[in-house]
Amino acid sequence: MHPAPSIILFTTLSGLGFGLLAFLGAGVILPTGLAAFLWFGLGYGLALIGLAASAFHLGHPERALRAFTQWRTSWLSREAVLSAAALLAIAPHAAGLVFWNTPVPVMGAIGAVLCGVTVFATSMIYAQLKTVPRWNHWTTPLVFLLAALTAGALLTGSGYSAQMLLAWLAVAMVLHWILGDGQFARRGSTLGTATGLGLMGRVRQLEPPHTGTNYLLTEMAYVVARRHVRVLRVIALASGCVLPSVLLWSAPYSLLALGIAVLLHLAGMLAQRWLFFAEAEHTVALYYRG
Amino acid sequence: MTSLPEQTERKLGLAIDLDTCVGCHACVISCKGWNTENYGAPLSDTDPYGKDPVGTFLNRVHAYEVTPQDNAPFTVHFPKSCLHCEDAPCVTVCPTGASYKRTEDGIVLVNEDACIGCGLCAWACPYGARELDALAGVMKKCTLCVDRIYNETLPEEDRVPACVRTCPAGARHFGDFADPDSTVSRLSRERGGIELMPELGTRPVNRYLPPRPRDTLQGCAPAPQGDPSTEGLTGFLGWIDRTLSRF
Ligand code: SF4
Ligand code: SF4
Ligand code: SF4
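Protein chains in written order, with the working numbering: chain A, 1 to 290; chain B, 291 to 537.
Some clues are possibly wrong.
Claimed, not checked - Residues from chain A that keep clear of chain B, each with C-beta distances beyond 12 Å, as calculated:
#, residue
1, M1
2, L9
3, Y44
4, V98
5, N101
6, Y126
7, L129
8, W135
9, T190
10, L216
11, M220
12, A221
13, I235
14, L243
15, A280
16, Y287
Unchecked claim - Stretches of chain B that chain A covers, calculated by requiring three or more beta carbons in the stretch to come under 8 Å of a beta carbon on chain A:
#, stretch
17, 339 to 352
18, 446 to 455
19, 526 to 533
Said to hold, decoys possible - Just a sample of chain A residues kept apart from chain B, beta carbon distances all over 10 Å, derived:
#, residue
20, I29
21, G33
22, K130
23, Y215
Hints listed in this document are in silico derivations from the structure and should not be mistaken for laboratory results. We treat Cβ as the ideally placed atom computed from N, Cα and C, and that holds for glycine.
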């Protein structure tokens, strides 16, 4: 799948924002006044920038409100509704802390749960697609949820939780890659089943249907070199999980170390998300297989 | 509404004969023509006369080579458009309700005024039957020429999809698969109509009629191989051979 920068930013930043808001909502830290303004501002900012980035991907962003209507069937619509609900639910808790130095724990807790469910809904937009077997797997929501929680722990400076979550995230990412590598073959779709001609013999494309490229190829038949995949996996794992963990362990009370850990984690997650899209193969590519 | 109807009264669709299709692309052109001049946003082209022409099409014709285990390879031309699936994943993923399946005839359509152009439905379709139009920013797909098949201002013989009307080989058949006596149902039954990617559970309505079995090559001596031999040559040719061999 084409790794569009708008979607990579959307999933990464909104994950970061909702992870932070979940930790703030759950009351892991209770900043007040200006500090609260900055913490919550960062959470809301990241979540909203992420959501705005996703709008860049739309052909008609001015109609985006319509996406709130089909929550009964569509994960994308559920994601829209849930993210709005999460941001609204946390608001009283945030306002209480900023203006009156008093938390509203009930709303905070509800908001925290909604943040988690929002991230789950985001992951299901991809995990629901049978056409992309690599995504259509339980490791997809696992990686998205753990990534958001890890970001929340890091951004609130919750050292112990961060260490645990970084380790789990690393395991989840590796599982997603290893199990994902065999998913397409396990699903069993080939050019033979795609054309039904596999029953008669070996099938290969003789001529493509068009001389140039088209929407299907640019959007869904992205090919990434294996060599790059290996390098990027190492970068994602090292920068996203291993190095932040080492930093937190070696300088547990240093704000600078925490700041660097957050930036490293962000870079690692961007690499992970790029791979998430670039490595994913769509069944439509079968029709163009030689 | 993007929930799918439990059942549709009719199941309109195409039976495409892979034995007869000659890969002329006439159906591609008539489809593009009709759907650019009539219902909905036109199917745009980008840089059509330049170096890098790209455009939106609702029907595309691939060509494949099939090599059977015990016979010579053969070519199959393979037109591909929306299969109007009964369990259409493209419909349920749509966040706006723009994508829907009609209860009365099973046609899968996009309400272009409600489409935000998110592209998710194109990702959900296994077959590449949906294309986001680069200029209009909305999703385009085969409508089964819904603006022809019920159009009483057209002469009766034109009330079929443009591709079916155009096909010079008679390779495309249009009808109701819910009716066991329709031409398409009968053809599909008799010829063993194929469902594409059944493993994905989309339950397509359209059927592909497989190429009929080819004759097998029999009794042909294998072509001679290696150096031509001069052994056993007699007469004039033998004399030349013997003379030349002396040098
Ligand atoms: S062929 Fe694709 S676009 Fe058409 S109904 Fe099936 S899934 Fe939807
Ligand atoms: S591109 Fe349009 S029709 Fe397709 S899922 Fe998005 S809003 Fe629905
Ligand atoms: S018009 Fe008929 S013969 Fe020509 S490519 Fe289309 S289906 Fe095949």
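Here is how each hint holds up against the structure:
Once the 12 Å rule is applied to beta carbons, M1/A is inconsistent with being away from chain B; the minimum gap is 7 Å. For L9/A, the requirement that its beta carbon stay farther than 12 Å from each beta carbon of chain B is met, with the minimum near 16 Å. The Cβ of Y44/A lies farther than 12 Å from every Cβ of chain B, with a closest approach of about 23 Å, so its non-interface assignment holds. At roughly 33 Å, the least C-beta separation between V98/A and chain B is larger than 12 Å, which holds for a residue marked as non-interface.
The beta carbon of N101/A sits about 40 Å from the closest Cβ of chain B, which is more than 12 Å, so the claim that it is off the interface holds. The non-interface label for Y126/A is inconsistent with chain B: the shortest C-beta to C-beta separation is roughly 9 Å, within 12 Å. Some Cβ of chain B comes within 12 Å of the Cβ of L129/A; the nearest lies about 6 Å off, and the non-interface call is violated. A beta-carbon of chain B is positioned within 12 Å of the beta-carbon of W135/A; the least distance is around 10 Å.
Not every Cβ of chain B is farther than 12 Å from the Cβ of T190/A; the closest lies at roughly 9 Å, contradicting the non-interface assignment. At roughly 4 Å from the closest C-beta of chain B, the C-beta of L216/A falls inside 12 Å, breaking its exclusion from the interface. With 12 Å as the threshold on Cβ separation, the claim that M220/A sits away from chain B is violated: the shortest Cβ distance comes to roughly 7 Å. Its beta-carbon lying about 9 Å from the closest one in chain B, A221/A breaks the requirement of being farther than 12 Å from that chain.
Listed as outside the interface, I235/A is consistent with that label: its C-beta sits roughly 27 Å from the nearest C-beta of chain B, beyond the 12 Å cut-off. Chain B leaves L243/A outside its interface by the beta-carbon criterion, the shortest separation being 33 Å against a cut-off of 12 Å. The claim that A280/A is not at the interface with chain B is violated, since a C-beta of that chain comes within 12 Å of its own (minimum 10 Å). Distance check for Y287/A against chain B: the nearest CB is about 6 Å away, which does not clear 12 Å, and the non-interface claim fails.
As drawn, the stretch 339 to 352 of chain B meets chain A at 9 residues by the rule of a beta-carbon pair under 8 Å; at three or more, the given contact holds. Only residues whose beta carbon comes within less than 8 Å of a beta carbon in chain A count, and the stretch 446 to 455 of chain B has 0; fewer than three means the coverage is violated. For the stretch 526 to 533 of chain B, the stated coverage by chain A is violated: 0 residues have a C-beta nearer than 8 Å to a C-beta of that chain, whereas at least 3 were required. No beta-carbon of chain B is positioned within 10 Å of the beta-carbon of I29/A; the least distance is around 34 Å.
The beta carbon of G33/A is kept farther than 10 Å from every beta carbon of chain B, the shortest such distance being approximately 39 Å. Look at K130/A: its CB is around 5 Å from the nearest CB on chain B, not clear of 10 Å, so calling it non-interface is violated. Its beta-carbon lying about 4 Å from the closest one in chain B, Y215/A breaks the requirement of being farther than 10 Å from that chain.
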